[in-house]
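**Q** Sequence:
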Amino acid sequence: MIRVSNLGVVFGRGTPLEKRALDRLNLTIEDGSFVTVIGSNGAGKSTLLGALAGDVLPTSGSIEIGGTDVTRRPTARRAGLVARVFQDPLAGSCAGLTIEENLALAAARGRPRGFGAALSGSRRAVFAERVASLGLKLEGRLKDRMGLLSGGQRQALSLVMATLSPSKVLLLDEHTAALDPHMADFVLDLTSRLVAEHRLTTLMVTHSMKQALSVGDRTIMLHEGNIVLDVSGPERAGLTVDHLVAMFRKVRGQDIEDDALLMD
Numbered sequence: 001m002i003r004v005s006n007l008g009v010v011f012g013r014g015t016p017l018e019k020r021a022l023d024r025l026n027l028t029i030e031d032g033s034f035v036t037v038i039g040s041n042g043a044g045k046s047t048l049l050g051a052l053a054g055d056v057l058p059t060s061g062s063i064e065i066g067g068t069d070v071t072r073r074p075t076a077r078r079a080g081l082v083a084r085v086f087q088d089p090l091a092g093s094c095a096g097l098t099i100e101e102n103l104a105l106a107a108a109r110g111r112p113r114g115f116g117a118a119l120s121g122s123r124r125a126v127f128a129e130r131v132a133s134l135g136l137k138l139e140g141r142l143k144d145r146m147g148l149l150s151g152g153q154r155q156a157l158s159l160v161m162a163t164l165s166p167s168k169v170l171l172l173d174e175h176t177a178a179l180d181p182h183m184a185d186f187v188l189d190l191t192s193r194l195v196a197e198h199r200l201t202t203l204m205v206t207h208s209m210k211q212a213l214s215v216g217d218r219t220i221m222l223h224e225g226n227i228v229l230d231v232s233g234p235e236r237a238g239l240t241v242d243h244l245v246a247m248f249r250k251v252r253g254q255d256i257e258d259d260a261l262l263m264d
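The sequence shown begins at 1 in the UniProt record's numbering and counts up one residue at a time.
Hints listed in this document are in silico derivations from the structure and should not be mistaken for laboratory results.
None of the values given here were measured: they were computed from a predicted structure.
The following label-pair restraints were derived from C-beta to C-beta distances:
| hint | residue 1 | residue 2 | range |
| --- | --- | --- | --- |
| 1 | Thr28 | Ala125 | 32 to 40 Å |
| 2 | Arg193 | Pro234 | 21 to 29 Å |
| 3 | Met247 | Asn26 | 17 to 25 Å |
| 4 | Glu197 | Thr68 | 21 to 29 Å |
| 5 | Met1 | Ser214 | 19 to 27 Å |
Glycine included, every Cβ here is placed at the ideal spot set by N, Cα and C.
Can you build the whole structure from these sequences, using the hints too?
**A** See below:
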């Protein structure tokens, strides 16, 4: 379970450029839930993800993951609790290492046994099986350097790497935004499959309302650093982008100004 209580993040505190990115935000995510997060630029989406990952230090409030208070715990000490896939396909893997070595590094994160153990014969068989399940014909290229692959291939492998770690929380930061439409659809379908197979508690930030409603079981919308919409279950089923826009207008008394949210 993820429990965020009265979370506040202020950048540039005490300066003329002070900005409150999150404002006493409260959020509870049950184990195994797949939550999509939408909001305009500057709404606080990436700040929330950064705070959960350990990249952003909260100004106030607390964060618990799996019953552990991680509010002040740095990113490196969350390795066994949180896995993350970035918007940039190049950010989640090392171009100079082989596919196999990247997978081994992911498998070693947060575990007492290190990189060498993760490259054992039995683990290599697991790597080949996981990669083969992608259907991208990469299982015969495990000795190739990661830098030889396309962005879409690397992003698909980043998702596989996330499932190899002991982490049960997966953070996705607009992870299809840099891909072409065909590969974006492939990676999104793969995301849904892996989240279900490994029962991962997932928070996916996206800039597309349509995408946010197409996967997961709950959608929240951030605006000015807080949650203004939170839909799940029967209320979410059958919702369209137009419905979300109307709900936002009703709650906030204003229109959505970020046209990118309304695009497919």
